[in-house]
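Asker: The numbering of the sequence shown is this note's numbering, which starts it at 32 and goes up by one.
Calculated directly from the structure, the hints in this document are not laboratory data. Values in this document were obtained by computation on a predicted structure and should not be read as measured data. Treat the hints with care, since some could be wrong.
Claimed, not checked - Once the Cα atoms are required to be at most 25 Å apart in a straight line, the calculated BS3-like pairs of lysine-lysine come out as:
1. Lys93 / Lys109
2. Lys41 / Lys81
3. Lys77 / Lys109
4. Lys109 / Lys134
5. Lys81 / Lys147
6. Lys145 / Lys134
7. Lys32 / Lys93
8. Lys153 / Lys140
9. Lys134 / Lys153
10. Lys109 / Lys41
11. Lys77 / Lys93
12. Lys93 / Lys41
13. Lys77 / Lys41
14. Lys109 / Lys32
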Amino acid sequence: KFLLFADDLKLFLEIRSEQDCQLLQNDLYALNAWAVNIGLDFNVSKCCSKSFYRGRTHLEFKYSLRGTYLVIEYNTVKDLGVFYDSNLNFHNHIDATCCKALKALGFLKRVCNKFKLITPLKALYCALIRS
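Whenever a hint applies, use it, and build me the whole structure from the sequences.
Answerer: Shown next, in the form of structure tokens:
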């Protein structure tokens with residue numbers, strides 16, 4: 032299975048055993064062969080491996096692409112504007128979103144402190160902070 036958005040591609044598979052890890056590695060080999068066949072080149076330095084799991088333990092497998100092992104991401108990663116961690120909790124995403132909104136609110140208060148009418152303030156608030 033894969034997800035494709037613009038120039039971003041993700042392969043994914045539910046991993047329950049070493050055989051599943053090998054299936055995903057075989058998919059990487061097939062993807063690379065397809066890319067070479069149509070003249071595309073993957074930037075291996077931008078490729079990584081990320082695991083999501085519910086429990087405390089999970090299978091570790093070193094995936095490779097064109098003979099180079101992929102970096103294993105252990106921390107939070109940002110993908111299409113959303114922060115994920117290995118346990119799929121969104122605390123970091125919520126914190127980042129709140130921080131961004133508070134910065135925009137501070138900017139709005141500094142710039143618009145002399146506004147007397149509520150309508151333009153409300154329009155700016157809805158455009159900058161609630162969006």
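Asker: Now tell me if each hint is right for this structure.
Answerer: Hints and how they fare:
{"no.": "1", "hint": "Lys93 / Lys109", "result": "holds, 22 Å"}
{"no.": "2", "hint": "Lys41 / Lys81", "result": "holds, 10 Å"}
{"no.": "3", "hint": "Lys77 / Lys109", "result": "holds, 13 Å"}
{"no.": "4", "hint": "Lys109 / Lys134", "result": "holds, 20 Å"}
{"no.": "5", "hint": "Lys81 / Lys147", "result": "violated, 51 Å"}
{"no.": "6", "hint": "Lys145 / Lys134", "result": "holds, 19 Å"}
{"no.": "7", "hint": "Lys32 / Lys93", "result": "holds, 19 Å"}
{"no.": "8", "hint": "Lys153 / Lys140", "result": "holds, 12 Å"}
{"no.": "9", "hint": "Lys134 / Lys153", "result": "holds, 17 Å"}
{"no.": "10", "hint": "Lys109 / Lys41", "result": "holds, 13 Å"}
{"no.": "11", "hint": "Lys77 / Lys93", "result": "holds, 16 Å"}
{"no.": "12", "hint": "Lys93 / Lys41", "result": "holds, 16 Å"}
{"no.": "13", "hint": "Lys77 / Lys41", "result": "holds, 12 Å"}
{"no.": "14", "hint": "Lys109 / Lys32", "result": "holds, 21 Å"}
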